[in-house]
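A.B. asks: Chain by chain, the residues run as shown.
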Amino acid sequence: MYPKDLRYSSEHEWARVEGDRVRVGITKFAADRLSDVVFVELPEVGAVVTFMQPFGVIESVKAVSDLYAPVSGNVVEVNTALRDSPEVVNSDPYGAGWIIVVEPSDPKELDKLMTVEQYLKVIGEEA
Amino acid sequence: MKGRDFPVIFELSTPGRIGASYPEPDVPRRPLNALLPADQIRQVPPGLPEVSELDVVRHYTRLSHRNFSIDEGFYPLGSCTMKYNPKIHEDAARLPGFSRLHPYTMPEDAQGALELIWELEQALAEISGMDRVTFQPAAGAHGELTGILMIRAYFEARGERRTKVIVPDSAHGTNPATAAMAGYQVITVKSDARGNLDVQALREAMDSSVAAIMLTNPNTLGLFEEHIVEVEEIVHGRGGQMYLDGANFNAILGVTRPGDQGFDVMHMNLHKTFSTPHGGGGPGAGAVGVKAHLVPFLPVPVVEKEGDRFRLDYDRPQSIGKIRAFYGNFGNLIRAYAYIRSMGADGLRQVAETAVLNANYVLARLRDRFDLPYDRLCKHEFVLSGTRQKKQYGVTTRDMAKRLLDYGFHAPTIYFPLIVDEAIMIEPTETESKRTLDEFIEAMRAIDREAQENPQIVHDAPHTTPVRRLDEVRAARQPDLRWRGG
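Protein chains in written order, with my numbering: chain A, 1 to 127; chain B, 1001 to 1486.
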């Protein structure tokens, strides 16, 4: 449920390094907590995102939450499929439910994110 | 017609049927295109229903029977006080001298109305511990914006550039929205294990770039901020302003005053605490009180008293300007005034005491059946968690809220505040009798039993309402908001 190859933020985003890029989404824990996602406000390709600053908004039937960038950089891809099918965030948060791809300006920031073990501890405490 | 047991008004339409007959005009008829420019005249007539007066009366009376209102049943709606609105308020608001007063009436001819506004201001200033009060805002969130814009104007007047507003993670969603609308960056500060704003986290977040903190006290967990004095010292120590979201003012009326706790600005929802109607029955009224240093920034006009006469003061160069047409929702000011005058100081204090007693009574009788994340004496409301029911029986808070409808109660606020898993927020208010509270408690306990013994009946609730459970996901993703013929 929580892949080992990802890094995790305290705001429940995941980051997957793919070559010189980083794919970003929200964790299964966050998706479950939000319940049915009905809308994802995505940034434009080319937008600049900043480490742990909001880059978008995710809305479910229960709540509206900011999405935080787990790494600074330029947005090079956005998952436009979420415009029509935001429910993919619930059904496949680590796959088709990805949100953006970032070209990081400071890849060392990823070291500040949690490992899966650390993240599980955090949600264990919160759950 | 499928899925409905009676038609929408458009489906009742019969060509040529009308509900009124007008006399012949006493001025010469002229063709429409002689009166209006061609591009202002629609090409296709509007699709209005053609119905008789009786059709209209029956249709809307039927619809009104589907409403749930405070006049009909208990509304344990935490986060938004829903108490009884005394009917004598309606008599007062309908007095011809008030109800027929045109907003453009010259102030000299509207002395009674201005006197009422001025006296209500004096009363609310006394109750809140503020120096002046404006009644321009149309509701609570509008009041927040008014308050934060005054804070912004205050710093601009001092030549200070501050860019941030601090909001706790238990705040009403309107707080960060307001701060963002006023151009501020929102900084969220977490709550501590007892449900207070975390003082250490505040200390770390607070610097000279912070314009204000927006607090609700008692907060949305129904808990009084235990460290409010320390919070005030930290915020004022760095030159910031203290903003109180007065949504929960009902819990402290006549007991403590936000002005004495160090708040510089607060809004008061007259449609909650001061017993005037909400929303569609209102509209609302969001009075905003300020301390003396913010008085120059109040919206215009301000009612001033000179001798025994009253006037509207527009000559206020530092004012944030006009934030609403005319003078606020005056009808509600009359109702709030009637409430304060009929209750008196002792009565208002009794409101808070009874509201707190009622909330703690309900809490005491539900605490063995539901998780209680912050186990403290509560104020006017408290927050339970349905986590146990969800984990053990697969019954969510949403299911239980829907099931309450079958028992004849309005559902409480659920899934708020966001920091409580499966939150159920209950506010009984002072106007409910012990008998009503007992019935509600029994319903909640019965639902807990059902969750254990027959979870399906809770999953499938409501069973007795005209419309069964709505598809919220589809409503959000594919909203169908407009009637189309056929």
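What the hints contain is simulated information worked out from the structure, not anything from laboratory work.
A portion of the hints provided could be inaccurate.
As the list claims (entries may be wrong) - DEER-style ranges, computed between Cβ atoms:
| no. | chain 1 | residue 1 | chain 2 | residue 2 | range |
| --- | --- | --- | --- | --- | --- |
| 1 | B | Asp-1207 | A | Gly-19 | 34 to 44 Å |
| 2 | B | Gly-1112 | A | Asp-84 | 23 to 33 Å |
| 3 | A | Asp-84 | B | Asp-1260 | 27 to 37 Å |
| 4 | B | Arg-1029 | A | Asp-84 | 32 to 42 Å |
| 5 | A | Glu-41 | B | Glu-1306 | 45 to 55 Å |
| 6 | B | Gln-1200 | A | Tyr-2 | 55 to 65 Å |
| 7 | B | Ala-1364 | A | Arg-21 | 51 to 61 Å |
| 8 | A | Asp-84 | B | Pro-1107 | 52 to 62 Å |
| 9 | A | Gln-118 | B | Ala-1193 | 15 to 25 Å |
| 10 | B | Asn-1454 | A | Glu-103 | 51 to 61 Å |
What the hints assert, rightly or not - On the chain A side, residues computed to face chain B include the following (Cβ under 7 Å):
| no. | residue |
| --- | --- |
| 11 | Arg-16 |
| 12 | Val-61 |
| 13 | Ala-63 |
| 14 | Val-101 |
| 15 | Glu-103 |
All C-beta atoms, glycine included, are put in the ideal place defined by N, C-alpha and C.
A.B. asks: Can you name, in rising order, the numbers of the hints this structure does not satisfy?
C.D. replies: 2, 3, 4, 6, 11, 14 and 15
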